[in-house]
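J.: Single-letter residue listing:
Protein chains: 2
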Amino acid sequence: MYASQFVFKTKKEDPADEFSRGAKLLVRAGFVEKNFSGVYTYLPLGFRVLQNIAALLRKEMDQIGGQEMLMPALTPKAIWETSERWKILSDIMYTLKDRQDRTISLAPTHEDVISALLSRHLTSNDALPFYLYQIQDKFRDEPRAKSGLMRTREFFMKDLYSFHESAEDLARFYEIVKECYMHIFAACALNAYVTKASGGTFSNEHSHEFMVESSAGEDRVFVCDQCHFAENIEVRVEASTHECPECSRADLREIKAVEVGNIFKLGTKFSEAFGLYHHAQNGDNSPVVMGSYGIGLGRVMGTIADVNSDEYGLIWPMALAPFQVYLISLFKAGDNSSEGAVLAHTLYKDLQKAGLEVLCDDRDKSPGEKFGDADLLGIPYRVVISEKTLATQSVEVKDRAQGNITLIPAHDLVRFLISKRI
Amino acid sequence: MYASQFVFKTKKEDPADEFSRGAKLLVRAGFVEKNFSGVYTYLPLGFRVLQNIAALLRKEMDQIGGQEMLMPALTPKAIWETSERWKILSDIMYTLKDRQDRTISLAPTHEDVISALLSRHLTSNDALPFYLYQIQDKFRDEPRAKSGLMRTREFFMKDLYSFHESAEDLARFYEIVKECYMHIFAACALNAYVTKASGGTFSNEHSHEFMVESSAGEDRVFVCDQCHFAENIEVRVEASTHECPECSRADLREIKAVEVGNIFKLGTKFSEAFGLYHHAQNGDNSPVVMGSYGIGLGRVMGTIADVNSDEYGLIWPMALAPFQVYLISLFKAGDNSSEGAVLAHTLYKDLQKAGLEVLCDDRDKSPGEKFGDADLLGIPYRVVISEKTLATQSVEVKDRAQGNITLIPAHDLVRFLISKRI
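First to last, the protein sequences are chains A and B.
Numbered per this note's numbering, the first sequence spans residues -6 to 415.
Numbered per this note's numbering, the second sequence spans residues -6 to 415.
Hints may contain errors.
Pairs of lysine to any residue residues, derived as SDA-like cross-links and limited to a Cα-Cα distance of at most 25 Å, are as follows [what the hints assert, rightly or not]: (1) A:262 to B:261; (2) B:90 to A:52; (3) B:52 to A:48; (4) A:5 to B:96; (5) A:262 to B:12; (6) B:139 to A:158; (7) A:139 to B:116; (8) A:346 to B:53; (9) A:325 to B:152; (10) A:346 to B:28; (11) B:2 to A:234; (12) A:70 to B:346; (13) A:90 to B:405; (14) A:5 to B:346; (15) B:90 to A:112; (16) B:52 to A:312; (17) A:52 to B:34; (18) A:139 to B:113; (19) A:90 to B:53; (20) B:4 to A:112; (21) A:90 to B:4; (22) A:70 to B:116; (23) A:80 to B:128; (24) B:52 to A:112; (25) B:131 to A:276; (26) B:358 to A:139; (27) A:131 to B:53; (28) B:90 to A:129; (29) A:70 to B:53; (30) A:27 to B:53; (31) A:52 to B:128; (32) A:2 to B:152; (33) A:27 to B:346; (34) B:70 to A:137; (35) B:2 to A:395; (36) B:358 to A:116; (37) B:90 to A:346; (38) B:2 to A:338.
Worth flagging that the hints you see were computed from the coordinates, not collected in a lab.
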């Protein structure tokens, strides 16, 4: 793509109504736009990142046997009454009356909806376990929505639901998801700590949260840098000591953290409410044992923007970047026959042929402005072609994350950048 | 994928609450599930088709220069008041009050939202034209929602918006989209007629609708099979004659049709309301000229199911099918060492390696039941391995659309099926 095609431009000034570094950068770089408090539009650059996060989640969910589906947001009141969650969730649930005066809610989560759905399909002889997931638009009337993409009122969530014949099988799969989540966050360049859940709708011993250190975080967590132990301050019993209960070192420090994912052993709460039973080994019908596992896509994007960034802008990992290469030719625009222009065009085509997504900055702007936008957008590799590099048939490559600049022979660029992909 | 992993089974009986053939088949085949009137879940098979339709739309939109983004469903009342559409759309707009007692609506369309968004970004010096689109969940409180996926209250729409400096440039792009839409519907195996719009929110001379003949359709259209002229019965002036105004033949016949897409020349209505101006050639600031172009993904799926099906089930085109190949081995399940089982496994792997999506029916069911499900699901090619085919080192291939069955040498199967892809 060519930068001259951009509809939404980068901004020099921080937005007045964003408070976290990540949110300020995402708005300045033209990735997102606030429609109103807690409600955002993904502009073309931000949408590319959102799609890349979705692709990563799909790959990982499919690998652990998940099957993708898509449930609606509109849900009748009766579903939430069956699970006795109408009142529990009323604080965050948007509700409305339709033209037939029925009370409808916008689903803030889908345990109840998927259980009601399966109650119309599952028979006691059906084979367990199975795993269903979706990437879907959710709605929560959050009392606080002031942390950019961290806490929004409309948001895309990857929610996975698992169905088992025993608590033991749920425990087995729960550990698989836990590991899968750590893998996902690592691919997002996020260093996540796992803590026991501190509360919330499903508060119990059998839930875990994935926490990433961030000054924009709303949670407080004790972490041990030695053994990676972590504990939410709200559940910490011996808060008076800084000794790690895992490795016994006095290394615990308290961090502000963002919850980027959570996993729940739901047990039989929903299967009993909605009548999901299977034939148990002893011949009786037993309630299906369920688990639920969530990751908010926007929150992941907001957290990366907050944690993986510097004073110059965003820094995306290769797998999620809107483009992997930012190509700048310092030759005059319009002079398409010069050696430099021809090389730029050739590299643009060759990199794309090799499967890399390239943003070519063909705008009539100063080198400084182009360099600034390359840093602000956080594209992993900036490639510059100039008189100086052309003299040695090379190009200048800057690694956005490391900051180092190297000269690479032009004919070797594709191979070099391909090797940087995971 | 293996059919034994299916969570949602096919059904022998038609659902009592669906009326069109397509909706009955989609429910029986386990593609969709009605949550309540006009609100559906896409089950794993249906979700695969939905994703394939989305991929086709993205490819076509990108080819005409569209840039994808994603706007929210939650919208403040003020936006709709600025365009004076709050009252006009009140019949179909879901509205609710949030915890701060603000009136919010669930966007039934996004002309107003994208205009408000651009009013905060566009300057009068920005380069026109540009084209922005999204594939997004929309909400309309439809008075009638009884035609399966044809008219739902929550639905995914591809909506494209174009921005031009003149009516002439809009006219140029409008024709490009018209052609692009015909290309899209052809790839969906739908024979679409273009008619002038008969009414609706943007009713004017400058709108067209794409109509597909279907007994489940709610529109009535005169069509000429000779020259492909079409006219909505509501706008037809000389309804008394059956002479085609294009080719003068007396060939007009009246069909029931489904509107699968629509395109609108919006002119300057929204740009004037939201203050979108550009520098005109005469030096003045002129309002931007806009167009809007929609295709409902669920409606396309429902229409294909209705039009492209027979008494045995659905018939998907290669590009949209949830799987391209339905592989059946008539050897006993569990006997993995037999020559037939080994061949089935090899073909399953080879076809996938070649980029084909294969559904292998490994269930402990009769051949008749497997053949029935292959037809019901509408997978384009059914491949059967049996004692008989093995004797000649071949496999039996059935073309779902044509109905013909041929023997193909086993070693030639991949090449044969690859050649059937568009």
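J.: Each hint should be assessed against the structure and marked as holding or not.
T.: Taking the hints in turn, this is what the structure says about them:
1. A:262 to B:261: Violated. Residue 262 (chain A) to residue 261 (chain B) sits at ~55 Å, over the 25 Å cutoff.
2. B:90 to A:52: Violated, at about 38 Å.
3. B:52 to A:48: holds (17 Å)
4. A:5 to B:96: It is violated: about 34 Å lies between the C-alpha atoms, which goes past 25 Å.
5. A:262 to B:12: violated (36 Å)
6. B:139 to A:158: At roughly 38 Å apart (the allowed maximum being 25 Å), residue 158 (chain A) and residue 139 (chain B) break the hint.
7. A:139 to B:116: Measuring from Cα to Cα gives roughly 28 Å; hence the hint is violated.
8. A:346 to B:53: Between residue 346 (chain A) and residue 53 (chain B) the Cα gap is close to 20 Å, so the pair holds against 25 Å.
9. A:325 to B:152: violated (37 Å)
10. A:346 to B:28: Given pair residue 346 (chain A), residue 28 (chain B) is violated - Cα atoms ~44 Å apart, limit 25 Å.
11. B:2 to A:234: Violated, because 56 Å separates the two Cα atoms, which is more than 25 Å.
12. A:70 to B:346: violated (47 Å)
13. A:90 to B:405: violated (59 Å)
14. A:5 to B:346: violated (48 Å)
15. B:90 to A:112: Violated: residue 90 (chain B) and residue 112 (chain A) sit about 32 Å apart, past 25 Å.
16. B:52 to A:312: holds (21 Å)
17. A:52 to B:34: holds (22 Å)
18. A:139 to B:113: holds (20 Å)
19. A:90 to B:53: With a Cα-Cα distance of about 38 Å, the restraint between residue 90 (chain A) and residue 53 (chain B) is violated, given a limit of 25 Å.
20. B:4 to A:112: Holds, because 15 Å separates the two Cα atoms, which is no more than 25 Å.
21. A:90 to B:4: Distance of about 34 Å is beyond 25 Å: violated.
22. A:70 to B:116: violated (46 Å)
23. A:80 to B:128: violated (33 Å)
24. B:52 to A:112: Roughly 38 Å between the alpha carbons, so the hint for residue 52 (chain B) and residue 112 (chain A) is violated.
25. B:131 to A:276: Between residue 131 (chain B) and residue 276 (chain A) the Cα gap is close to 46 Å, so the pair fails against 25 Å, i.e. violated.
26. B:358 to A:139: violated (56 Å)
27. A:131 to B:53: Distance of about 28 Å is beyond 25 Å: violated.
28. B:90 to A:129: Holds, because 22 Å separates the two Cα atoms, which is no more than 25 Å.
29. A:70 to B:53: Cα-Cα ~40 Å, so violated.
30. A:27 to B:53: violated (29 Å)
31. A:52 to B:128: With a Cα-Cα distance of about 21 Å, the restraint between residue 52 (chain A) and residue 128 (chain B) holds, given a limit of 25 Å.
32. A:2 to B:152: holds (22 Å)
33. A:27 to B:346: The hint is violated at about 44 Å.
34. B:70 to A:137: Status holds; Cα separation ~21 Å.
35. B:2 to A:395: Violated, because 52 Å separates the two Cα atoms, which is more than 25 Å.
36. B:358 to A:116: holds (17 Å)
37. B:90 to A:346: violated (51 Å)
38. B:2 to A:338: Status violated; Cα separation ~53 Å.
Violation of the numbered hints given earlier is confined to hints 1, 2, 4, 5, 6, 7, 9, 10, 11, 12, 13, 14, 15, 19, 21, 22, 23, 24, 25, 26, 27, 29, 30, 33, 35, 37, 38; the remaining hints are satisfied by the structure.
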